[in-house]
Amino acid sequence: MDIVLQQLVNGLTLGSVYGLIAIGYTMVYGIIGMINFAHGDVYMVSAYITAIAIALLTFFGIESFPIIIIGTLFLTVAVTGAYGWVIERVAYRPLRNSSRLSVLISAIGMSLILQNYVQLSQGANQQGVPTLLTGAIRFSVGDGFVQITYMKLLILLISLLGMGVLTYVIQKTKLGRMCRATQQDRKMASILGIDTDKVISTVFVIGAMMAALAGVLITLDYGAFDFYVGFIIGIKAFTAAVLGGIGSLPGAMLGGLILGLSEALFAGLISSDYKDVFSFSLLVLILIIRPSGLLGKPEVEKV
Amino acid sequence: MSQEHVLKVENLVMHFGGIKALNDVNFDIQRGSVSALIGPNGAGKTTVFNCLTGFYKATGGKITLSAGGKETSVIKVLGEPFQPADFFSPVAFVRRLKYKMFGGSHLVNRAGLARTFQNIRLFKEMSVVENLLVAQHMRVNRSLIAGILNTKAYQKAEEEALERVFYWLGVVDLVDSANRLAGELSYGQQRRLEIARAMCTNPEIVCLDEPAAGLNPSETEALTKMIRVLRDEHNTTVLLIEHDMGMVMDISDYIVVLDHGEVIAKGGPDDIKNNPKVIAAYLGAEEDDEEVTL
Amino acid sequence: MSQAVGINFKKSSIDALIAGFLALILFGPIVGVLLDGYKFDFEFDRVAWIVAIVAVGRFAVSSFFQTEKGVAMAFRYANNNEGATVLAPNHKSKMVWIIPLVIAVGLLIPFVASKYVLTVVILGLIYVLLGLGLNIVVGLAGLLDLGFVGFYAIGAYGLALGYENLGLGFWSMLPIAAILAAVAGAILGFPVLRMHGDYLAIVTLGFGEIIRLVLTNWASFTHGPNGISAPLPTLFGLEFKRRSRDGETFHEFFNLPYDSAYKYMFIYIVLFAVVWAVLFIKHRLVKMPIGRAWEALREDEIACRSLGLNHVLVKLSAFMLGASTGGLAGVFFATYQGFINPSSFTFFESALILAIVVLGGMGSTLGVVIAAFFLTVLPEMLREFAEYRVLMFGILMVVMMIWKPRGIVRVTRTGFAPRKGAVK
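Read top to bottom, the protein sequences are chains L, A and B.
Note that the UniProt record's numbering has the first sequence beginning at 1, numbered continuously upward.
Note that the UniProt record's numbering has the second sequence beginning at 1, numbered continuously upward.
Note that the UniProt record's numbering has the third sequence beginning at 1, numbered continuously upward.
Hints listed in this document are in silico derivations from the structure and should not be mistaken for laboratory results.
Keep in mind it's a predicted model, so treat the numbers as computed, not measured.
Don't take every hint at face value.
Unchecked claim - Over the 10 Å line for every Cβ pair with chain A, so calculated as not near, a few chain B residues:
| id | residue |
| --- | --- |
| 1 | F42 |
| 2 | F236 |
| 3 | S260 |
| 4 | E295 |
| 5 | S344 |
Said to hold, decoys possible - Calculated pairs, DSS-like style, for lysine-lysine (alpha carbon to alpha carbon, straight line, at most 30 Å):
| id | chain 1 | residue 1 | chain 2 | residue 2 |
| --- | --- | --- | --- | --- |
| 6 | A | K70 | A | K98 |
| 7 | L | K198 | B | K69 |
| 8 | A | K225 | B | K420 |
| 9 | A | K8 | A | K76 |
| 10 | L | K198 | B | K404 |
Unchecked claim - Examples of chain L residues toward chain B, derived with CB under 7 Å:
| id | residue |
| --- | --- |
| 11 | I35 |
| 12 | Y48 |
| 13 | A51 |
| 14 | A82 |
| 15 | P94 |
| 16 | Q127 |
| 17 | G144 |
| 18 | D276 |
| 19 | F280 |
| 20 | P291 |
| 21 | L295 |
Ideal Cβ placement from N, Cα and C applies to all residues, glycine included.
Bound-form chain L, shown alone (with noise of 0.2 Å):
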């Protein structure tokens, strides 16, 4: 019983960072409907950014845990968020009129860049970060009891804080209605004077921002990194991204809570070797039986 409790936490925290990652496959799919394989590797980079960060905070001397993080948090989302646009405005926007195969493979190059240039710089080595934050809140179980780490509790504030921010952004904001706008019909939004070049700039932005956050929950939190952490993550939150029904925000969330916590429960009650397996099989088994996901449309074929 306390095995389950304790993998629902990990798995909630687990599926709120992928959620944090899949809103950037779901919102570039929906607007120009292409994968963005490099997106997992634009969280690696992210990673590195955290770790970067935060060893330039403590070498300036400051050590108060509140302004390091919010100070790591700034910088890795503002540089992440550059690395998302140049990545748009090199490999993908001059393949705007290119067949679907061709900007795919470009993605798939733009991803391989990323990671050898990261580990051409950085080294092929796992790196890590110091533990900033310890200390948990305990409750017991049964025999057993469950742990809640304060860094846990900091994940599930801030990816909620950061769902909740984009939320209004696209809802309420001038720049959200541009972006339902061209997702919607891109042509007709060119027409009525949105830049719509500048708004799927936008989006990239945004899900890189997204996955900077993540990686800096995540980096916190594990400790360890090397450059091929994008890979598999990125799968995963693209599995969470077609479970909630690609080209839907609140799809792209939920799908990534379902797959942190059925994820977290598979490995704890069944083996942690094969939760990968386990991952990438829902994602087959998904698109068997329901391709448009949870909240998605289903895609009407233009004949």
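Given chain L's structure and the hints, the job is docking chains A and B onto it.
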């Protein structure tokens, strides 16, 4: 059942989410006729077409295609969801599963119905001849072994396919462009090639979606002649969607008028021309029918 | 161009400044701060170099596109016509002369080349095989398969495990591995191929990773990360080992001194024959109904369905044929290495194969062969650049997609002589 109707549409209903695109559409298409489906923009013509050709799965109703000596239910071959009764009848279950796994719009074509598209869909990076060879996929020797070894039987089948290709290129007047890429052809040539490609699947009924759109008057005239050839020399039934009323009235034996997802009139060209409902649908009630017959 | 074209240096400078600033943001942290445990070192010079190169490069590019030549180039790019050429019906390919020559040279290689050169060429041929397999899937059918390495692994592990558990040798496993890989392709492809093409890419990506994870984690069967040895091929029962426990060895039978090069010679000759067989089959396939259907499906799936083609089965056939070629390549890889472990089957391997297809040109056989040798043999020669390999592949993919999406070698299509038409 009657063999005189190649296509029977009964109570066809199509909903997209909450939007009712088609509402109880009924019509029959006489074998060997040229029929037209007309109506103002947004009346649901293309939706009917996509239901008939199996690209949309109709929400309700029945579409029966009698071709090749048998009757095909267009909706069934697309694969329907399982019904509770299926789980008690293995035969029905297996059939339903078969259509669910291997069904789809290609079966509609194999049953004898071919179509063209409003916004031309050719294989642009392939040559004109290859476009027509692909259309004969179901009629040629598809054995991998025979093809790799280039056997006599395979060569013969390919030669026959090429003869058919050049026959149809002759009909649509594209023999000179046989070895050009389909994407390089002019608009009118592309439209004609698409019709030839549909005909290469050896259909009993061919559905043309706005074949005259974007053609100049002389090209339209040539097209009218071609459609007559299809009907008279190949016993092919033709169903077309068209906005060019002159052409429709000239060529059609039978016209179905659609408005707001419903059939408002059916009949020969003369009936339709003078039908007050049709005139009202096109022009509003007060106007005369001058522009309709234009 | 009626407009007078002059270089506006102010605009170029601003462009360069912006690019340099962006480069500073992007590369500053990652390149400038080298993490080392919880400590770090500043590497300002690296950043300075990169920023300088980016800014100067941007300035040059910006200026170039303001010159007459640049404007013309941009115009050409905007209107770029990447179409294939249709050959004249009576076209005689020069290949008729080149192919026998290549075969003759190829057959000479094992007898004149050193053992090292021979192993490099074998590796090149294995990648030719992989490239041809993936080219069917990506180039002809237009399906992006990112887990191709999974089929490669199935072939390689098929040989090793089949030998260990069932006592099957190279010759029996060669066809079995191809079939196994094709079956795996069918199981994976059937549910996914009916969906949107992009899903296939990510599902195959996951599949390649699943195969690797299973090979790593199922230690009781696959020996996990420690790897497993694979048998050598035999020549009518003669083995290529120094000593044989049961049966005779090649060098004893022919009274030759033992030389490990013999086995590479033999593998090379078998592989050479298989590559030619695959080349021939592919050459036939593209002219056959199935090959035409693949390409038609790549061009327009909806039109294909309207013509009675079952798009799922047509795609599946391409996927399975590609997979079985990957399986074949895996068997050769295992027997050539003599020992395999899961680390040979990472995503980078898939990426390399994809890079071969992209560089060689989608659907072009000749291009793939050249690209396979180029991308596998060249890094062997330029070992000091080995770590930049993956970066190069990535840049290659992006640049090729923007500049020449159909590859370097222009695709040609067969022409047909007009004949009298007839219908029955």
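Each hint, compared with the structure:
Every CB of chain A lies more than 10 Å from the CB of B/F42, the least distance being 53 Å, so the non-interface label holds. For B/F236, the requirement that its beta carbon stay farther than 10 Å from each beta carbon of chain A is met, with the minimum near 27 Å. Distance check for B/S260 against chain A: the nearest CB is about 36 Å away, which clears 10 Å, and the non-interface claim stands. Once the 10 Å rule is applied to beta carbons, B/E295 is inconsistent with being away from chain A; the minimum gap is 6 Å.
Non-interface call for B/S344 relative to chain A: holds, since the shortest CB-CB distance, roughly 31 Å, exceeds 10 Å. For the hint linking A/K70 to A/K98, the alpha-carbon distance of about 19 Å falls within 30 Å, and the restraint holds. Pair hint L/K198 plus B/K69 holds up; C-alpha atoms about 29 Å apart against a cutoff of 30 Å. With a CA separation close to 22 Å, the supplied pair A/K225 and B/K420 stays within the 30 Å bound.
Restraint check: the Cα-Cα separation between A/K8 and A/K76 comes to about 14 Å, which is no more than 30 Å; the hinted pair holds. For the hint linking L/K198 to B/K404, the alpha-carbon distance of about 26 Å falls within 30 Å, and the restraint holds. Hint status for L/I35 relative to chain B: holds, with the closest Cβ pair at about 5 Å, below 7 Å. Contact between L/Y48 and chain B, as hinted, is supported at the beta carbon level, the nearest pair being about 6 Å apart and thus within 7 Å.
Below 7 Å, beta-carbon pairs count as interface contacts, and L/A51 has one with chain B at about 6 Å; its hint therefore holds. This hint holds: L/A82 has a C-beta 5 Å from the nearest C-beta of chain B, less than the 7 Å allowed. Because the beta carbon of L/P94 sits about 5 Å from the nearest beta carbon in chain B, less than 7 Å, this interface hint is met. About 5 Å separates the beta-carbon of L/Q127 from the nearest beta-carbon of chain B, less than 7 Å, and the hint is met.
The interface hint given for L/G144 is violated, since its Cβ lies 27 Å from the closest Cβ of chain B, which is over the 7 Å cut-off. For L/D276, the shortest C-beta to C-beta distance to chain B is roughly 6 Å, which falls under 7 Å, so the interface hint holds. A cut of 7 Å between beta carbons decides the hint on L/F280: the least distance to chain B is about 4 Å, and the hint holds. The interface hint given for L/P291 is met, as the beta carbon of that residue sits about 5 Å from the closest beta carbon of chain B, less than 7 Å.
About 17 Å separates the beta-carbon of L/L295 from the nearest beta-carbon of chain B, more than 7 Å, and the hint is not met.
Against the hints set out earlier in the document, violations occur for numbers 4, 17, 21.
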